[in-house]
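Since chain P is already given, all that's left is putting chains E and D with the ligands on it; use the hints.
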Amino acid sequence: MAHGPATLADGWRAYIARWVFTTNHKDIGTLYLWFSFAMFLLGGAFAMIIRAELFQPGMQLIRPEFFNQMTTMHGLVMVFGAIMPAFVGLANWMIPLMIGAPDMALPRMNNLSFWILPFAFAILTSTLFMEGGGPNFGWTFYAPLSTTYAPDSVNFFIFAIHIMGASSIMGSINIIATVMNMRAPGMTYMKMPLFVWTWVITAFLLVAVMPVLAGAVTMMLMDINFGTSFFDAAGGGDPVLFQHVFWFFGHPEVYIIILPAFGVVSQIIPTFSRKPLFGYSSMVYATAAIAFLSFVVWAHHMFTVGMPIAGELYFMYATMLIAVPTGVKVFNWITTMYKGSLTFETPMLFSIAFVILFTFGGFTGLMLSIAAADMQYHDTYFVVAHFHYVMVAGAVFSGTAAIYYWLPKWCGKMYNETMGQVQFWVAFIGFNIAFMPQHFLGLAGMPRRYADYGLQFADWNMVSSIGAFIYGGAQLMLLYNVIATIRNGKPTTEEKTWEGAEGLEWTVPSPAPYHTFAKPPEFK
Amino acid sequence: MSTESSYYVPEQSKLPIITATGMGLMAYGAASWVIGGGNMVFTAGLIIMALVMFKWWSIVIDENMRGLANDQLKRSYVLGMLWFIFSEVMFFAAFFGALFYLRVIVNSWLGGDAAIGIFDDTPTDAAVANNALLWPGYEADWPPMVTPDEAANGANATFIGPDEAMSFPGWSKMLGWLPLWNTVILVTSSVTVHIAHTGLKNNNRKQFVGWLGFTVLLGLIFLVLQAEEYIHAYQHMGLTLDSGIYGTTFFMLTGFHGAHVTLGTAMLAIAWFRSLKGHFSNEDQFGFEAASWYWHFVDVVWILLFFVVYVFD
Amino acid sequence: MLKRAQALFLSLLSLVVLLPIAGSAFAESSASQLNMPQGVTEVSQAAYDIHMIMIWVCTVIGVGVFGFMFYVMYAHRKSRGAVAENFHEHLGVELLWTIVPTIILIVMAFPATTALLKVYDTDNPDIEIKITGYQWKWQYEYLGEGVKFMSELRTSDDEVYGREPKGEHYLREVTEALVLPVGKKIRFLVTGNDVIHSWWVPDFGVKRDAVPGLFTAGWAKTDKPGTYVGECTELCGQGHAFMPVVVEVKEEAEYNEWLANKKAEAVEYASTIGKEWAPEELMAKGEEVYLQSCAGCHQADGGGIPGVFPAIKGSPIALGPQIGHIAVLIDGVPGSAMQSFADQLSEVNIAAVIHYQRNAWGNDVGDVTQPIDVLNYKQSK
Ligand code: HEA
Ligand code: HEA
Ligand code: CUA
Ligand SMILES: [Cu+2]
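From first to last, the protein sequence lines are chains P, E and D. The opening position of the first sequence corresponds to residue 1 in the working numbering, with each subsequent residue numbered one higher. The opening position of the second sequence corresponds to residue 1001 in the working numbering, with each subsequent residue numbered one higher. The opening position of the third sequence corresponds to residue 2001 in the working numbering, with each subsequent residue numbered one higher.
So here's chain P without its partners, still in its complex pose (with noise of 0.2 Å):
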C-alpha cells in the first residue's frame, strides 16, 4: 500500500484499473458522487421534457404514452439513481474522515456496491427503448397497472428494483459496520459528528426497508409471469396490498433521502456560525424518533383507497407526530446561529435555504396529513409541489451545500465564491418560480401524472417550466463550478478550509491523502 493511487501519468491502463478495482473509499466516493450527479442530469433531462410538455396544454412534443414514462423514470431516476447513491458517495468520502478510521469495514463490497448501480441502470434504462417502451406506471408503480396491464419491459424494471436493492443493503451494511467497528479511540457515540448518526440511522432504514421493496417486486414478477394473486381480488387477493407493501418501503425511503441531508446541514451551520451545534443530544434523539415514526405511518399515502375510518384516524394522527421531532430539528439549527458569528458563504447560503424551504415543505406535508384535507390534495400537483420543496430544496440543496463545503478538502482548490453565489440565487430563484405555482395548480385541481389539462391551468403550468427551465440552468452552472475548481480552482493546502470548521476530517491535510488515519488518531 505504498504507493500512491494511479493518475492518468501512469497510463490509461492503470488509470481506468485504479477506478474500477479500488478498494478505497475516497475513490468510491467520488465514483459515487459522479455517477449520481450524472443520473441527476439524466433525471433532470427527462423534468425538462415533462415541463416542456406542459409548457401549454395540449400535446405537443410527445405522445401520453412517453409522458408517462418519462414521469416514471424521473422519479425513479431521481430518487434510486441521484439522490441515494449521493448521499452514499458522501457517506463513503466523509464518515471515515469523520470517525478517524482508515476505511471503510469491507473494502471490497464497498466497490461491488457501487459497480452493480451503473449496471441496474443501465437495464432500467434501456428499457425506454424497448417495444412496448419503459416503465410507465409511476415511480409508485401500483398494481395491477404495473402487472397484468405493463409493458414486457416491466420484468427488466424488475429485476433492476433487485440488484440496486442488494447494492443499497450492501453499501448500508459497510456504513453500519465502519460506524460500530472502525471509531478511533476516543471516539463514543454521543461524540460523533451528526452527519455520521444520521447515516448510521438511514443506514439503518435501508436495511430494514430495502428487502421490503424486493418483496414487493418478487409478487409483481409472480404475478405477471406465474399465475399468482396477490394483487387480483378476482383469486382473493387485493391491488391495494401492493400500496401497503410499497408504502412500508416509500414512506421511510423519504427519511432515508432527507436524513442525511440533515446531517449534512447540521455540518455547515455550526461552521459558519462558528459556534457549536445546539441541542447535539436531542439532534440524535430526533433523528431515531422520525426513523422509528416513519415504519408506522405508510397509510398516509392511500388515504383515498377506502381504508375503514379507524385506519385513517391512526394513520394520520402517527403522521402528524412526525412533526414535532422534525421540528426539534428545525429550532435547534437556528438556535445553533443564534448569537452566532454568522457569514454566508455558499454552503451557508444553501444550507439557510433549505432550513426554510424544507420547513416549508413539512408544513405542506402536515397538511396532507390531515386526511379530509388529502381527499382534496391527493394525487394533485399540491403533492408535486409538497414533495419537491422537500426533496429539491431539501435533499439536493443540502448536497449541493455539502459539495461546496467539502470541495477544497476533495480536490485541494477552493471554489469561486462569486461563481457559487451566482448559482445560488439563480437556483433559489428558479426553484420557487417552478413549485411555488405547483401549489396553486394542486388546490385548483390540477391532477399529477396528467400530459394534458384543461385551459384553466394554463397560466401557472407556464410560469412553472420557465421556473424549472430556470432551475436547470442552474445544475449546469453547479457542473460548470465543479469542474473549474478541479481544473483550476485556487489551491489550498490548509487543513482547515472554513474558519469555524471542527471535526477530524479537518486535521488531515487537503486535498485529503489517498489514505487517512492508518494509525487511529487521538480523538479527546
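Among the clues, some could well be false.
In silico DMTMM-like pairs for lysine to aspartate or glutamate, Cα to Cα no more than 25 Å straight-line [unchecked claim]:
1) Lys2118(D) with Asp1121(E)
2) Lys2185(D) with Glu2251(D)
3) Lys1074(E) with Glu1088(E)
4) Lys2275(D) with Glu2288(D)
5) Lys2130(D) with Asp1113(E)
6) Lys2166(D) with Asp459(P)
7) Lys191(P) with Glu2089(D)
8) Lys2275(D) with Asp2373(D)
9) Lys1014(E) with Glu1063(E)
10) Lys2118(D) with Asp1113(E)
11) Lys2224(D) with Glu2268(D)
12) Lys519(P) with Asp1071(E)
13) Lys2078(D) with Glu499(P)
14) Lys2185(D) with Asp1120(E)
15) Lys2078(D) with Glu417(P)
16) Lys2221(D) with Asp2126(D)
17) Lys191(P) with Glu2094(D)
18) Lys339(P) with Glu2094(D)
19) Lys496(P) with Glu2085(D)
20) Lys2262(D) with Glu2176(D)
21) Lys2148(D) with Glu2176(D)
22) Lys2166(D) with Glu65(P)
23) Lys339(P) with Glu2085(D)
24) Lys2148(D) with Asp2343(D)
25) Lys339(P) with Glu499(P)
26) Lys2184(D) with Glu2145(D)
27) Lys2130(D) with Glu2176(D)
28) Lys2130(D) with Glu1139(E)
29) Lys339(P) with Glu2089(D)
30) Lys2313(D) with Asp152(P)
31) Lys2130(D) with Glu2042(D)
32) Lys2263(D) with Glu2276(D)
None of these hints come from the bench; they were simulated from the model.
Same frame as chain P, now just chains E and D with the ligands:
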C-alpha cells in the same frame, strides 16, 4: 471501537466488478428469459457469479488462514452477517405481512362481513357491496377453497381454488402429515448444529465434524420432503400457484423458505468440507458461526410458517 | 457584494413565506384559481375549513420561526462584529419546543377527526350509484333503476394535437354526464374494471379510488344545481388525463324526467336488437364505435402498437371465425388490457364494431355480424 494500530486494507481487487457484471447479466438475462427469450444470458451470469463467489470465499478464507484478517476485520464480518440476516428477516416480514393482510382483512372485505370498527361489527357499506355486486356467493373462509372468481363466474373463472388444503389434518392423521416431520427435522437440525458448535468450542473435532455433517444431511432430507410435498400438491391436491390466494401465499412463503434452506445447507456444507480440511478452531470459527446463525434464522422462520401457514386455520 | 446579496435574500425569503398567504387572501376575494374550492357539499366545506385552519396555523408558526431566523441572520452577522458565544444546550427550551408543537397538534386533531367522520358518513342514502372506472372512461349505474351508461371524453384528438383550436371546455366535456338531483343524499360505490382509477369531483369533496375488485364508498348531497367537473386522479395509463368526470345536478323534477327518459330508452333499445341491420349501416356505426372505444389502443388505422396492443388489421381473430371475434369482445382476453366489452357497449354497437373490424383496412372477410348474433353468444353462456 478501534483499538488496533494497524488495519488491513485489501489491495485493489477484480472480484467486485466481475461480481457486478455477473449480477447485471443475471438480472438482464432473467428478465429476457421470463418474457420468452432464451436463458443463455442468465446462465452465463449465473456461472460467472458461481465462479467468482467461489473465488471470493477462497480468498477470504485464505487471508484468514494466513492471519491477514485481524480481529477488527473479523468483527466487521460478524456485523455484516448479522445485519444481512436482519435484512432477510425483513424480506420475510413482507410476505408474512402480506399473508396477514390478505387473510385477516381482505378476505372479509370480499366476503362482505368486514366490520366498521373494532367495537362495532356492522359490515361497512363497501364490504357489503363487494359481496353483493362483485363477488356474489363468495364466503370468507380460510383456507379459501373457492376463489371469489369461481364463486362469481363458475367454470369461466381464471382462478380455480384447490381441492384440498395443506392444513392440519386432525390428530388421528397427524403422523402421516409431512409438515410435522419437516418441523421435527428442522428443529433437530438446529440442535445438532449447536452440538457441533459446542464440539468446536471444546476442541472436540470429531464431535464438530460429525454433527455438522449430520446437520447438512438433515437439511437435505428437509428439502427432499419439501419437494415431495410440492409434487403431491400439484398432482393430487389441485393446489398450485394459480389456485387463488391460498396457493399463492402457500407456495411463496414455503418456497422462499425452501430457497433459504437451500442456501443455508450450502453454507453448512462448505463449512463441513472446510472442517474436513482442518479449518476452524475455537478462536477462529466465523465462517462456521455465520452459517449456523443463518441456519437458526431459517429454523425460526419455519416455526412461524408452520403455525401460520399450516396449523392455524 | 455580500451585503447586497443578503438584502436580496431577505426580501425574497419573505416573499416566499408571504406568497401563500397572499394567495389564500386572493382566493377568498375572487374566483381565482389559487386555493381549494369551497365546493357545494358538507364534505367539501369541511375539507376546505380544515385546510384553511392548517394554512393559518402553519403561517403563524412560519412567521414566528422564520422571523426569528431573519432577525438572527441580520443581527448576528460577523460583518456587524458579532462574536460567537459558546452555549449549546438548554433543557428548558428543548422541552418547550417539543411540548408546544405536540399540544398544537393535539388541538388540531379534533377538527381533523370531525372532518374525517363526515367523509365516512355514507349511511342511509337516497340514491345509490355504482361508478366503474374503465381505461379510459367512466360507467355510471343507477342501482335498482336499470339505468346505466358510459361517459367518455368528447374533446377531439384534433384539439388535443393542435390541429384545431381548443374549445372553451377543452378536456372538461363528456359524451354523457352523470345526472343527480338536488337535496338527495347520494352514495357513490366506486370500483375499477381494469386498473385503479380515482373518481374526483372537487366541488363535492369526493375522491375515491376505483380499485378493481373492491368498492370504496363516498357520498354527496347538495342544494346547488349546476355542472361540476372533476378528473381521474390515479395514474391509469395513457388516457389518464383524458377521462374527466362531469356531473350535472338538476332540480328534482328535471331529474325525474331525465331518469324516466333513460328508462324508456332502454326499453326501446331492447326492441331493436332483433332487427336485421344493413351492412352499410353497421359499417358506419362500427367506425364511430371503433374510433370512440377501440382506437385508443388498436389505433385508428387498425395497426395497433407493436408489443403492446395487437393490430386488428390482418389479425387472425379478425380474419377467423365470427364467433371467435365475438368471444374476444364479450369475454375479453383475461390477464390482458383487452377487457370484456359486454357491459360497456350495447349489442348493436358490438355487432357494428365487429363488422367494421372484419371489413375495414383491407380485412375483407365479407360476412355480416348482426346484434342478434351477439345476443345469442351472450345467452349461450
Ligand atoms: C424528503 C422527502 C420527504 C419528507 C421529508 C417528507 C415529509 C413529510 N411528508 Fe411527504 N412525501 C414525499 C416526500 C417527503 N415527505 C414524497 C416523495 C411524497 C409523494 C410520493 C408519491 O406519491 O409519489 C410525499 C407525500 C406525502 C403524503 C401523501 C400525499 C398524498 O399522496 O395524498 C403525505 C400525507 O400525509 C405526506 C406527509 C408528510 C409529512 C407529515 C412530513 C413531515 O416529515 C414533515 C415534518 C416537518 C415540519 C412539519 C416542518 C418543521 C416543523 C416545525 C417548524 C415544528 C412546528 C410545526 C408544527 C407543529 C406545525 N407526504
Ligand atoms: C429527489 C428527487 C427529485 C428531484 C431532484 C426532482 C427534480 C425535478 N422534478 Fe421531479 N419528481 C420526483 C422526484 C424528483 N424530482 C418524483 C419522485 C416524482 C413523482 C414521479 C411519479 O409521479 O411517478 C416527480 C415528478 C415530477 C413532476 C410531475 C410529473 C407528473 O406528475 O406528470 C414534475 C413536473 O413538473 C417534476 C419536475 C421536476 C423538475 C423541474 C426538477 C428539477 O429540479 C430538475 C433539475 C435538474 C436538471 C434540469 C438537470 C440539469 C440540466 C440538464 C440535464 C440540461 C438540460 C437543461 C435545460 C434544458 C434547461 N417532477
Ligand atoms: Cu383513470 Cu386515471
Ligand atoms: Cu410518506
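Hints versus structure:
Between Lys2118(D) and Asp1121(E), the direct Cα distance comes to roughly 20 Å. Compliance with the 25 Å bound is thereby established for this hinted pair. For a cut-off of 25 Å, the pair hint linking Lys2185(D) to Glu2251(D) stands: about 14 Å separates their Cα positions. With a CA separation close to 21 Å, the supplied pair Lys1074(E) and Glu1088(E) stays within the 25 Å bound. Of the pairs offered as hints, the one joining Lys2275(D) and Glu2288(D) holds, with about 20 Å between alpha carbons and a cut-off of 25 Å not exceeded.
A hinted pair counts as satisfied when its Cα atoms are at most 25 Å apart, and Lys2130(D) with Asp1113(E) qualifies at roughly 20 Å. Distance check on the hinted pair: Lys2166(D) and Asp459(P) sit about 15 Å apart at the alpha-carbon level, within 25 Å; holds. Our distance criterion of 25 Å between C-alpha atoms is met by Lys191(P) and Glu2089(D), whose separation comes to about 15 Å. Distance check on the hinted pair: Lys2275(D) and Asp2373(D) sit about 11 Å apart at the alpha-carbon level, within 25 Å; holds.
Annotation: proposed proximity of Lys1014(E) to Glu1063(E) holds, straight-line Cα distance about 16 Å (limit 25 Å). Restraint check: the Cα-Cα separation between Lys2118(D) and Asp1113(E) comes to about 23 Å, which is no more than 25 Å; the hinted pair holds. The straight-line distance between the Cα atoms of Lys2224(D) and Glu2268(D) is roughly 33 Å, outside the 25 Å bound, and the hint therefore fails. Distance check on the hinted pair: Lys519(P) and Asp1071(E) sit about 16 Å apart at the alpha-carbon level, within 25 Å; holds.
Distance hint between Lys2078(D) and Glu499(P) is fulfilled; the C-alpha atoms sit about 12 Å from each other, no more than 25 Å. Straight-line distance between C-alpha atoms of Lys2185(D) and Asp1120(E) comes to about 24 Å, which keeps the hinted pair within the 25 Å bound. Note on Lys2078(D) and Glu417(P): the hinted pairing holds, with a Cα-Cα distance of about 17 Å set against a maximum of 25 Å. Taken as a hint, the Lys2221(D) and Asp2126(D) pair is honoured in the structure, with Cα atoms around 10 Å apart against an allowance of 25 Å.
Our distance criterion of 25 Å between C-alpha atoms is met by Lys191(P) and Glu2094(D), whose separation comes to about 20 Å. Proposed proximity of Lys339(P) and Glu2094(D) is supported: the alpha carbons are some 17 Å apart, at most 25 Å. As the CA atoms of Lys496(P) and Glu2085(D) are separated by approximately 21 Å, the hinted pair is consistent with the 25 Å bound. Note on Lys2262(D) and Glu2176(D): the hinted pairing holds, with a Cα-Cα distance of about 12 Å set against a maximum of 25 Å.
A distance of roughly 11 Å separates the Cα atoms of Lys2148(D) and Glu2176(D); the hinted pair therefore holds under the 25 Å criterion. A threshold of 25 Å between alpha carbons decides the hint, and for Lys2166(D) with Glu65(P) the separation of about 21 Å falls inside it, so the pair holds. Our distance criterion of 25 Å between C-alpha atoms is met by Lys339(P) and Glu2085(D), whose separation comes to about 6 Å. Simply put, Lys2148(D) and Asp2343(D) have alpha-carbon atoms about 9 Å apart, close enough for the 25 Å limit, and the pair holds.
Restraint check: the Cα-Cα separation between Lys339(P) and Glu499(P) comes to about 17 Å, which is no more than 25 Å; the hinted pair holds. With a CA separation close to 16 Å, the supplied pair Lys2184(D) and Glu2145(D) stays within the 25 Å bound. Between Lys2130(D) and Glu2176(D) the CA atoms are separated by roughly 16 Å; this keeps the pair inside 25 Å, and the hint holds. Our distance criterion of 25 Å between C-alpha atoms is met by Lys2130(D) and Glu1139(E), whose separation comes to about 22 Å.
Using a Cα cut-off of 25 Å, the hinted pair Lys339(P) and Glu2089(D) holds, with the two alpha carbons roughly 13 Å apart. Of the supplied pair hints, the one linking Lys2313(D) and Asp152(P) holds, its CA atoms being roughly 22 Å apart against a limit of 25 Å. Proposed proximity of Lys2130(D) and Glu2042(D) is supported: the alpha carbons are some 21 Å apart, at most 25 Å. Straight-line distance between C-alpha atoms of Lys2263(D) and Glu2276(D) comes to about 24 Å, which keeps the hinted pair within the 25 Å bound.
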